Amino acid sequence: MREKHIGLGIFTFLVFVFLLGPLLIISVTSFEQGTVLKFPPESFSLDWYKNIFEVSGFLETFKVSIYLSLAGNLLALLIGIPAAYALNRFDFKGKALLEGIFVSPIIIPGIVLGFTFLRFFITYYQLPIYAGLFIGHTVIMLPFIIRVVSSSLANFDFSIEEAAVSLGASRIGTFFKVVLPNIKSGIIAGVLIAFLESFNNVDISVFMTGPGVSTLPIEMLTYVQNYFDPTIAALSVVLMIITALFMFFVERLLGLSYFTKR
Amino acid sequence: MRNYYKYLLILPGVLFLTIFMLVPIGMTIISTFFPNEAAADTSNYASLFRDSYFLEILWTTLRVSILTTIICMVLGFPAAYFIARMSAKMKAVLLILTIFPLLTSPVVRSFSWMVIIGRNGLVNEALMGIGIIQEPLEILYTPTAVIIGLVHLFLPLTIITLVGVMESIESDLLTAAASLGASRIGVFAKVVLPLCVPGLVIGGILVFVGSFTAYTTPALLGGQQRVLSTLLYQNANTLNDWHMASILAAIMIVVTLIVITCMNLLANKLNPRR
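Residue numbers (the UniProt record's numbering), protein chains in the order written: chain F, 1 to 262; chain Z, 1 to 274.
The hints are simulated quantities; they were obtained by calculation from the structure and are not laboratory data.
None of the values given here were measured: they were computed from a predicted structure.
Think of the CB as a built atom: it goes at the ideal place given N, C-alpha and C, for glycine as much as any other residue.
Among these hints, one or two may not hold up.
List of simulated lysine to aspartate or glutamate pairs, EDC-like, C-alpha gap at most 20 Å [said to hold, decoys possible]:
#	chain 1	residue 1	chain 2	residue 2
1	Z	K6	F	D157
2	Z	K89	F	E251
3	F	K95	F	E60
4	Z	K6	F	D91
5	Z	K6	F	E251
6	Z	K6	F	E161
7	Z	K89	Z	E167
8	Z	K269	Z	D241
9	F	K177	F	E162
10	Z	K91	F	E251
Listed below are several chain Z residues computed to face chain F (Cβ distance under 7 Å; list not exhaustive) [unchecked claim]:
#	residue
11	M21
12	F111
13	A236
14	T238
15	V255
Covered stretches of chain F, going by a simulated chain Z footprint (3 or more residues, C-beta under 8 Å) [said to hold, decoys possible]:
#	segment
16	53-64
17	83-90
18	119-132
19	174-183
20	230-241
Here chain F stands alone, though its shape is the one from the complex (with noise of 0.2 Å):
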């Protein structure tokens, strides 16, 4: 069944370009030197990249873009690996219900759960603005978290901690010296898809987020609804870099059967 289709080769190729060519437009008008963004640029310049670093906002909402998802993914490394482990590794009462409950955040709408974030955790538990995000960012991570780190315990052989354990090695100690190093590119595969899926969250954000307190997203949604020049091309340009390099390490770490998988 390898025989050449050019046909369905040529769609394919068609529907690459509707994927891919976007991105590549932006790229290009990104050396615009103009303020208008134009396709072909017609002169060379590196000033809207400049530019990031002189609006205001860019550069503190993109430490706080990462500060948030650094805090969010430490926590819920700390909630759920063992939680995974426990999932992977005992039977449950009710098993399916405790695995649905950790999924449910990436099944409710992300819409819903940032408006009932701003509702109940800023009005009802009275959080600080920060606090509020930092849950928030923390429940919507918690899934990958637990999906990754579980998929690599799946294939952990669970006899070699019973034989650690039987040799008189204590319970905990056997989890941090057996059980954690062979599931360690799980967890650091983890942390980098949980750490994009906050990074690029607008859903919870939105609604936390107001004068003085903001994420780079929010930011920059703020930036083009305002203003139509070529510093968020700039800017999405070296967000993509970084998409590409925590991929290039997802890769490398898990291979690209985590992503086909359902």
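Based on the hints, put chain Z in the right spot on chain F.
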């Protein structure tokens, strides 16, 4: 081993999600039935579904989501079929090219379409340049723009889901069908397509639910044309009508859960291997 040990490991996660997700969501839904903190009252749902402004937005949202789902399937299925039949190396390259936009920020992806279909965008410049049109086309800030943006957003997901399903079809099965005399189109229609139906259904749910609830793309490409998600945001943050926002949130959750449940049942039923 003691029995409570395993529950101790899972407890922090369950507590965390209960306090910070399940309770807020549950309370939000319950609150929609108590507009005046008095007795239960469903009249606000009833009056909402008689409100022509709301119905128009609901209809736009449904139409946009259904069209996005259909277009994603029509574009994604042949592309996935082509990718799945490539050699391992070529397949990996094409999958990487599919996954890259999937991981790229939705803000970046919507913005790229503003550059292309905007009033002074590439499409209008090109069409006016060669004299096909005199006035710029108004594509941006219409439902069409939202559909284009959503297809761009969800097509990678469609393709990788379908490639995953097609990879699980044993090539022996196809060879067997071909060697028994089936034509290439016959193999496709009688073997490949039926085995892909569950994947198409699952891919379809993901795209439909995603489009029905997406915020960033309609917020940037839809302009004044609202959909449910932007209406929810407007009520919550601009109009401060939290009761209305809660009702919209409840509607979105219910629709999402119903669609996912139905489609899961359907996908199981349609799976020819069962």
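Hints, verified against the model:
Proposed proximity of K6/Z and D157/F is supported: the alpha carbons are some 18 Å apart, at most 20 Å. For the hint linking K89/Z to E251/F, the alpha-carbon distance of about 14 Å falls within 20 Å, and the restraint holds. In summary, the hint linking K95/F to E60/F is not supported, as the alpha carbons are separated by about 43 Å, beyond the 20 Å threshold. This hinted pair checks out: K6/Z and D91/F have alpha carbons roughly 9 Å apart, not beyond 20 Å.
Distance hint between K6/Z and E251/F is unfulfilled; the C-alpha atoms sit about 32 Å from each other, more than 20 Å. Between K6/Z and E161/F, the direct Cα distance comes to roughly 15 Å. Compliance with the 20 Å bound is thereby established for this hinted pair. A distance of roughly 14 Å separates the Cα atoms of K89/Z and E167/Z; the hinted pair therefore holds under the 20 Å criterion. Distance check on the hinted pair: K269/Z and D241/Z sit about 42 Å apart at the alpha-carbon level, beyond 20 Å; violated.
Taken as a hint, the K177/F and E162/F pair is honoured in the structure, with Cα atoms around 13 Å apart against an allowance of 20 Å. Taking the CA atoms of K91/Z and E251/F, the gap is about 14 Å. The hint holds against a cut of 20 Å. Given the 7 Å rule on beta carbons, the hint for M21/Z holds: about 5 Å separates it from the nearest Cβ of chain F. The beta carbon of F111/Z is positioned within 7 Å of a beta carbon in chain F (closest approach about 5 Å), and the interface hint is therefore held.
Hint on A236/Z holds. Least Cβ distance to chain F is approximately 5 Å, under the 7 Å limit. Checking T238/Z against chain F by beta carbon gives a least distance of about 12 Å; that is not within 7 Å, so the hint is violated. A hinted interface residue such as V255/Z counts as satisfied when its beta carbon comes closer than 7 Å to some beta carbon of chain F; here the least separation is about 9 Å, so the hint is violated. Under the rule that three or more residues need a Cβ within less than 8 Å of chain Z, the assignment of the segment 53-64 of chain F is violated, with 0 such residues.
Evaluation of the coverage hint for the segment 83-90 of chain F: fulfilled, as 6 residues show C-beta separations to chain Z shorter than 8 Å, against a requirement of three. A stretch counts as covered by a chain when three or more of its residues have a beta carbon under 8 Å from one of that chain; for the segment 119-132 of chain F and chain Z the count is 4, and the coverage holds. A stretch counts as covered by a chain when three or more of its residues have a beta carbon under 8 Å from one of that chain; for the segment 174-183 of chain F and chain Z the count is 0, and the coverage is violated. Coverage of a stretch by a chain is defined here by at least three residues with a beta carbon nearer than 8 Å to that chain's beta carbons; for the segment 230-241 of chain F and chain Z the count is 5, and the condition holds.
Checked against the numbered hints given earlier, the structure breaks hints 3, 5, 8, 14, 15, 16, 19 and satisfies all the rest.
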